[in-house]
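Based on the sequences and whatever the hints tell you, model everything.
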Amino acid sequence: MARIFVTDTMGEAEVRVALVDTRGDADLWVCRVSSWGLASGDERWFITPDRQSATRRVFFTSRGMSQIAVCFVSTLGEAGWRDPSRARPGIFSR
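So in UniProt numbering, spot 13 of the sequence shown is number 13, and the numbers just go up one at a time.
Some hints could be false.
What follows is a list of derived Cβ distance ranges for each label pair [unchecked claim]:
| hint | residue 1 | residue 2 | range |
| --- | --- | --- | --- |
| 1 | Glu12 | Thr75 | 28 to 36 Å |
| 2 | Leu76 | Gly11 | 27 to 35 Å |
| 3 | Gly11 | Gly77 | 30 to 38 Å |
No lab work stands behind these hints, which were simulated from the structure alone.
Beta carbons: idealized from backbone N, C-alpha and C, even for Gly.
Okay, here's the thing in structure tokens:
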């Protein structure tokens, strides 16, 4: 499950993420979901305010400081790794 807690400090984060507006600039296309039950894999994120229930802590930063670039998409069908050969499965889910 990808239950994401967004932290305000880089040192607390497990993954540094750059948010990009253009799909072509992203490594991963993510769809935000409204419940834990819909969160699965790396591409369906439930963003939680509860640090303890999160599977990953992320810090949003610039592209130069990031480990991965993410673009939010509006439907589950669009979500996924842009290039499956470069995918890093499990980076956001355990």
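> Do the beta carbons of leucine 76 and glycine 11 sit within 27 to 35 Å of each other?
Replying inline: This hint holds: roughly 33 Å between Cβ atoms.
>> Quick check: does the Cβ-Cβ distance between glutamate 12 and threonine 75 fall within 28 to 36 Å?
In response: Once the Cβ atoms are compared, 31 Å apart, the range 28 to 36 Å for threonine 75 and glutamate 12 holds.
>> 30 to 38 Å was suggested as the range; check whether the CB atoms of glycine 11 and glycine 77 agree with it.
In response: 36 Å, holds
The structure shown violates none of the earlier numbered hints.
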